[in-house]
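Taken in order, these protein sequences are the chains called A and B. Letter 75 of the first sequence, counting from 1, is numbered 75 in our numbering, and no numbers are missing. So our numbering is basically just the index in the second sequence, starting at one, shifted up by 241.
Everything labelled a hint here was simulated from the structure, so no lab data went into it. Among the hints, a few may not be true.
Said to hold, decoys possible - Derived Cβ-Cβ restraints for the label pairs, each shown as a range:
(1) B:Leu-542 - A:Glu-95: 33 to 39 Å
(2) B:Arg-508 - A:Pro-87: 58 to 64 Å
(3) B:Ser-470 - A:Thr-114: 34 to 40 Å
(4) B:Ser-470 - A:Glu-172: 51 to 57 Å
C-beta atoms are modelled at their ideal positions from N, C-alpha and C, and glycine is treated no differently.
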Amino acid sequence: MTAEKQSGKTDAVAYRVEGVAFSYGSRRGPAGADADGWALRGLTCDVHEGEILGIIGPNGSGKSTLLKLLGSIMPPQQGTIRLQGRPLNSFARQELARIVAYVPQQSSVVFPFTLAEFVLMGRFPHRQSGGALGWFGWETAEDVRVAGQSMEVLDLRHQVDICAILRRLNREQGLTVVLVSHDLNLASQSCDRLLLLQEGALIRLGVPSAVLQPEVIESVYRCPVLIDRHPASGVPRVTLP
Amino acid sequence: MMRGAVVPVAAETGAGIVPAVLTATRWMTTVSALAVASVITVLVCLQFGAERIGVAEAATIVWRALQDGRLAAESAGSSAVILLEVRLPRLVLGFFVGGCLAAVGVTLQALLRNPLADPYVLGVSGGAAVGASLAIVTGLSAAGAVWLPLSAFAGSILSLVLLYRIAATYGYLSVHTLLLAGVIINALFSALIMFMTSLMDPTHAFRVLSWMLGALAAPDDIALAVVASFLTFGGLLLGRQARALNLLTVGEDSARSLGVDVERVKRTLLITTALLTGAVVSVSGLIGFVGMAVPHAVRMLCGADNRLLMPACVFAGGMFLVIADTVARTALAPAELPVGVMTALVGAPFFLYLLMARKGGMAS
Numbered sequence: 001m002t003a004e005k006q007s008g009k010t011d012a013v014a015y016r017v018e019g020v021a022f023s024y025g026s027r028r029g030p031a032g033a034d035a036d037g038w039a040l041r042g043l044t045c046d047v048h049e050g051e052i053l054g055i056i057g058p059n060g061s062g063k064s065t066l067l068k069l070l071g072s073i074m075p076p077q078q079g080t081i082r083l084q085g086r087p088l089n090s091f092a093r094q095e096l097a098r099i100v101a102y103v104p105q106q107s108s109v110v111f112p113f114t115l116a117e118f119v120l121m122g123r124f125p126h127r128q129s130g131g132a133l134g135w136f137g138w139e140t141a142e143d144v145r146v147a148g149q150s151m152e153v154l155d156l157r158h159q160v161d162i163c164a165i166l167r168r169l170n171r172e173q174g175l176t177v178v179l180v181s182h183d184l185n186l187a188s189q190s191c192d193r194l195l196l197l198q199e200g201a202l203i204r205l206g207v208p209s210a211v212l213q214p215e216v217i218e219s220v221y222r223c224p225v226l227i228d229r230h231p232a233s234g235v236p237r238v239t240l241p
Numbered sequence: 242m243m244r245g246a247v248v249p250v251a252a253e254t255g256a257g258i259v260p261a262v263l264t265a266t267r268w269m270t271t272v273s274a275l276a277v278a279s280v281i282t283v284l285v286c287l288q289f290g291a292e293r294i295g296v297a298e299a300a301t302i303v304w305r306a307l308q309d310g311r312l313a314a315e316s317a318g319s320s321a322v323i324l325l326e327v328r329l330p331r332l333v334l335g336f337f338v339g340g341c342l343a344a345v346g347v348t349l350q351a352l353l354r355n356p357l358a359d360p361y362v363l364g365v366s367g368g369a370a371v372g373a374s375l376a377i378v379t380g381l382s383a384a385g386a387v388w389l390p391l392s393a394f395a396g397s398i399l400s401l402v403l404l405y406r407i408a409a410t411y412g413y414l415s416v417h418t419l420l421l422a423g424v425i426i427n428a429l430f431s432a433l434i435m436f437m438t439s440l441m442d443p444t445h446a447f448r449v450l451s452w453m454l455g456a457l458a459a460p461d462d463i464a465l466a467v468v469a470s471f472l473t474f475g476g477l478l479l480g481r482q483a484r485a486l487n488l489l490t491v492g493e494d495s496a497r498s499l500g501v502d503v504e505r506v507k508r509t510l511l512i513t514t515a516l517l518t519g520a521v522v523s524v525s526g527l528i529g530f531v532g533m534a535v536p537h538a539v540r541m542l543c544g545a546d547n548r549l550l551m552p553a554c555v556f557a558g559g560m561f562l563v564i565a566d567t568v569a570r571t572a573l574a575p576a577e578l579p580v581g582v583m584t585a586l587v588g589a590p591f592f593l594y595l596l597m598a599r600k601g602g603m604a605s
């Protein structure tokens, strides 16, 4: 499937990220010439149409920040992000919401909304009440979906379920998925390509077997690892020695 | 966590469980039931007071006033005058004030994703009270009837701007910083009011004290019209944002990604709530508990969807304050309790009961 996707769809670009830098410090960037204030420093990469891209990297490497920039939750201080050829900031909120869905790491559910009410909130950008209701908030966005990293808090079965749903949506509806994961094996198994970040900079971007190399992972995560093949799927499998 | 729960339940729902969502029918039924209940509550409360007037007689007088005008109805006798000049305006004012407070409370709770939020916690009422106290101290309030409410608006707007300046960083309003800033601003305003009270001569100090306790009095027609127009206008503004408010309760990032212009919606909601609070404080002082408890109670009964919760809270808050004020007027008659004391005394056990009933219901 990976190979098929690689050959079939690599031409179309969903996102083009060029020289993007972001700092949580201020609107213009970190104070003075302090280079340590950048959460992302001059990142350039593409997200292909119809792929599942996994963002991986150690804590504080800028995974969530990149996801938020792609979801247009915050604007970058430097560089541009284009979605389907158009700068991200040229989209109106509602227009963007019909194309991109962002699922944050955590959602607060303070008040007793029913599950169905919660799900129907996903219809907000479409401004149609009732009708064909998508059971998932997810089916709101037709094209691109930017998923958060909530999967770590789920047990095994729910992780498998979520991944199966993402794959199904990806295969059947051509949904582009960008997800953040700390679980390298889950990323390896479910993603077409991986993007490895370290301290806000891109280290590797490519198919799992190209990114999950022992020397790369050891230097980025600063920890010795064993990498072999998954017995069933043949994708790289990362274990601790 | 919530996302995790989506998968299996969605699968089960496919097997025939009816989804619990807000329908137009449920909205209409609930709102009209509450509207009828509100009218009945006001009519029942009309009979209580220094002089008891029966429900039937009260209804007849109100009916006559509606048909022939107030002056014609008042010619019928002293009880008609008491009813139409004193009791009914005060009850209607109480209803509006309670409705405003509950609407403000439900908005702020949803906006801040915090069940403890209300205009008092955020210091918006405190700001209005400082404005009003200043008007009393400087003698401005004696210069004309408009100055007291104007100063209260100014105070609540000022506290809101302060809140914004403290809590907003980088164009975003952090929920936690905002709440904390509100608590601090509130403390500052309380200190200011106490400082002014200690400088005042006793008659002014007494006025400010009754202000701080929250009290209703029979208003003139102008005050009533002002509060009514604020409730209508502000209520419509808040109601228009109810859907966006639903999304905001889940999280600002989620709301933003679903196409809500989060900053604009927040600004609209905060300014509207400040104006409503200013209007309410200028006519009734600091009445607590309504804005915090009523939304909670209503949420337990009608669910969390703000499209229904908002109008339901207006009615429920109105009824709650009307009943509380009636008890405040009659419990120690001929003396009167401040209604602010009553709302806390009546509201707290009621709230506790709902909380425990719900806990029991969930356990079974």
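So, going through the hints one by one against the coordinates:
1. B:Leu-542 - A:Glu-95: 33 to 39 Å: holds, 38 Å
2. B:Arg-508 - A:Pro-87: 58 to 64 Å: violated, 26 Å
3. B:Ser-470 - A:Thr-114: 34 to 40 Å: Holds - the Cβ-Cβ distance for Ser-470 of chain B and Thr-114 of chain A, about 35 Å, lies within 34 to 40 Å.
4. B:Ser-470 - A:Glu-172: 51 to 57 Å: Given about 54 Å between the Cβ atoms, the range holds.
In the structure shown, a violation is registered for the earlier hint numbered 2 alone.
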